[in-house]
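Student: In the numbering used here, the protein residues as written are -17 to 277.
Source of the hints: derived by calculation from the structure; they are not laboratory data.
Just to be clear, a hint being listed does not mean it is correct.
To be verified - Simulated crosslink set (EDC-like; lysine to aspartate or glutamate; CA at most 16 Å straight-line):
1. 35 with 25
2. 236 with 151
3. 118 with 94
4. 130 with 152
5. 130 with 151
6. 235 with 51
7. 118 with 101
8. 263 with 77
9. 235 with 253
10. 192 with 77
11. 235 with 167
12. 248 with 77
13. 235 with 151
14. 263 with 238
15. 35 with 238
16. 137 with 101
17. 90 with 151
18. 263 with 211
19. 118 with 128
20. 130 with 43
21. 35 with 167
22. 236 with 253
23. 137 with 46
24. 35 with 16
25. 35 with 23
26. 236 with 167
27. 130 with 51
28. 130 with 46
29. 236 with 51
30. 137 with 167
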Amino acid sequence: MSDEPSQSPSQTPRKNWLDRLSHLFQGEPKDRHELVGMIQDAEERDVIDEETKEMIEGVLEIAELRVRDIMIPRSQMVTIRRNQAVETFLPIIIESAHSRFPVINEDKDHVEGILLAKDLLQFAVGLTDEPFSFDKVLRPAVVVPESKRVDRLLKEFQQQRYHMAIVVDEFGGVSGLVTIEDILELIVGEIEDEYDAGGDEQEQIRRVSKSVFAVHGLTPIEEFNDYFDTTFSDEEVDTVGGLVMHAFGHLPKKGEAVTLAGFTFKVVHADRRRLLQLQVKIPQTHEADGENLDD
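Could you build the full structure based on these sequences and the hints that come with them?
Tutor: Have a look at this one:
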């Protein structure tokens, strides 16, 4: 007789979505196409929800991608020069609102390390009497080839605990950069950061600095026009994200930018269907205009 206590039906652990999905598969899928079909069928039969289905598809997608497919191109890298004084590169940090910056010497092919914005705090708030020096705060730059598989890079990000890598081409020249957030967003969708409204759905437009604003992609064009005193047409599209996508003529990737009527729209977050978050830099002529633009 077994010494193990019997379990009543009410005590039986509830199967999670992965257990239920595994029971759906009668034998192994023959190929990726058949696996995707099974996942879609599972969602249609309410075995898993839509968000779970998209997450599984995202995992499958990164297994086929190379770093070159998701990197931020060299031309769109926000960098700091090693010979810059703090007062000259601090506005760059504030306006971009990024947390990590490649530090270069002669040009973008000569990356000397990574500067974390948080490492400047000790100098800004008087926690140290020592003058600022890159030697004290610069962190090593991790370099990866364009051809590296994205799933393998994600594993390295996790194991080695770094968040940004510099991407180089076959000749050793810098072709861009990639972050762990770029990869995770392919799997789980938008990740809220310093640009996001922090859960306040009513805050579609938020000021980041004097001339830079965070704008949700679903902000109605009419609301954008009222806020910035602009006259963008809403005849063909209804939202700011739709306006920007129409200007590109395709679904742009994170980091791409376009200028409309003097306003520069940069893509901060996008999924496989729409633009989610934009950084908007307003022209100088608007910086002093309108009640909404004044602090």
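Student: Checking each numbered hint in turn, tell me which of them this model violates, lowest number first.
Tutor: Hint check: 2, 13, 15, 16 and 19 fail, others pass.
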